[in-house]
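**Q** Chain residues, written in single-letter form:
There are 2 protein chains.
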Amino acid sequence: MGEFDLIKRYFKRDIALGATVDLGIGDDCALLSPSPGVQTLISCDMLVEGRHFLSTVQPDRLGHKALAVNLSDLAACGATPRVFTLALALPKVDEGFLEGFSRGLFALADAHGITLIGGDTTAGPLNICITVIGEAPTGSALLRSGARAGDDLYVSGRLGDARLALEVFRGKLNLLGEQFEQVRLAMECPQPRVALGQALRGVASSAIDLSDGLIGDLGHLLQASKVGASLALEALPHSAALAGQPLAIQRECMLAGGDDYELLFSAPTAARTAVRNAAIASATLVTRIGSIDQAFGLRLLDGQGQALPLSLAGFDHFKS
Amino acid sequence: MGEFDLIKRYFKRDIALGATVDLGIGDDCALLSPSPGVQTLISCDMLVEGRHFLSTVQPDRLGHKALAVNLSDLAACGATPRVFTLALALPKVDEGFLEGFSRGLFALADAHGITLIGGDTTAGPLNICITVIGEAPTGSALLRSGARAGDDLYVSGRLGDARLALEVFRGKLNLLGEQFEQVRLAMECPQPRVALGQALRGVASSAIDLSDGLIGDLGHLLQASKVGASLALEALPHSAALAGQPLAIQRECMLAGGDDYELLFSAPTAARTAVRNAAIASATLVTRIGSIDQAFGLRLLDGQGQALPLSLAGFDHFKS
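First to last, the protein sequences are chains A and B. Counting in the working numbering, the first sequence runs from 1 upward without gaps. Counting in the working numbering, the second sequence runs from 1 upward without gaps.
For reference, chain A alone in the conformation it holds in the complex (with noise of 0.2 Å):
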């Protein structure tokens, strides 16, 4: 099969055209109408075999995973995904791999009702590169410098479960089936919180969205925001399968996890119900897990409130 059969079997569908498209998938470029009053957030996110996903991944979750991923950083903005570029390197044209890999992709941007309008195919080791493309009412993106001294912090979700099922995958934990297949969904079908984000908007003072471990994501949010905080270990939340870890392994896990495609961010104590009715708008779980301080640094308190060494750190790419 060639490139271009390629592309119009698994990737070319018909869309609608108009409202933010005008044309799609075949030409050299997509075009896009911007609406006035609105502005355009972009990102962009490459997954790698054995880095990103496992070799054993079915292909329709990895499809899932490699736009999730993307429209969690639309999420932790607060923007309404739009559209969305494909480039993929393939080492050879597996149709039963494309056939998965397309299903997964377009259930999730049609449950966003998100557009692929373009991308790239080629041979070469096995690589997914997406880049999404939203919108937010003028100056209501929510951003990682926003975050105040006294505001509360949130997480959206349940933190962890991502990383556990790695390890069990890696042979240095145990689980039992049901629980397994439980954290193996949260690894491999993360939920982007698009609707928390843009329920968000107006309320929360700064948002990112986890995908390198708590800490080092909180880290990033407090270095833009020019502040610190403190978290409280016992009120972070996490399944029943990552309860029934040591505890160690547990704050290794929602500490600085990575893969959790969660929601973190910060509101005024007086935005709580308005927090409290986007976590009930979008049906997401929200939990409060400490507070933004003036005082540089991170603190790690535990149920008594007392501090804690910060000996673990956030995921990096380069260093593990």
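Only true hints are included.
Copies of the same chain look alike in the list, so a pair counts if it fits in one copy or across any two.
Straight-line alpha carbon distances no greater than 35 Å define the calculated DSBU-like cross-link-like pairs of lysine-lysine that follow:
| hint | residue 1 | residue 2 |
| --- | --- | --- |
| 1 | K226 | K8 |
| 2 | K92 | K172 |
| 3 | K92 | K226 |
| 4 | K226 | K12 |
Please keep in mind that the hints were generated in silico from the structure rather than gathered at the bench.
Starting from the structure of chain A, add chain B where the hints point.
**A** For chain B alone, coordinates are given in the frame of chain A:
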């Protein structure tokens, strides 16, 4: 060196916020303010070692080429480039490579006044994925679908040198020093025809950039426009280096060579003066090489206007 240090050292630069870019590298997304009355144009290309470039290429030339092949897509639509994202998978952190790569990348970006607004870096087999975003006044973009019977067919620059260089690298052909350096430059440092593309807005009836070879890409244009064409082989522009090769090699390089990154476009015969003015305004060689026919298919004509058999096909990443 970690991922964030790598980005900070080689890819994060002070950028002028305002006109188009409201926020660049450093948050989950970049923020742009689209202007009313314009369309946004987006294109995405991925480069893989051994397929799109040789491992022996100088890093600065690779940085140039990775952006150039993307700008060429914007050029083919007549767009004004604005911003781009870069996703980079690297086998290891090689500072010499990164210094050269980023230097070549930004030299071309600066020449076109465009800004790197975000992206991703990760460990993995060397892979470069760039997404470029440009603008054109609403309705003015050059598409593949606008060619009409009777239009002239033009090409920019000279054809076939990149393929000639590749065959020398493969040891299948020989070239002496200066000629080799010249065709090697065509292969490693293609010049995207951005100025010509913009000058052709309102003049050309259709356009495409040549990446897969003249016959293959012309086929895409003819298919999109639902027309055929006649191509005058004697008119195809080529270098002195290519002219020194046997006729069969010349034709293979020019017709099916690939990697030219020249513009192929059509324009009504009444626009011949306008095409010449666009070539002069953009200081770009433009050659009339044939015409668009009502009848489907492609006819190759020799110097006496006689039809030749079409036995050469365009380059396809999954076929060759």
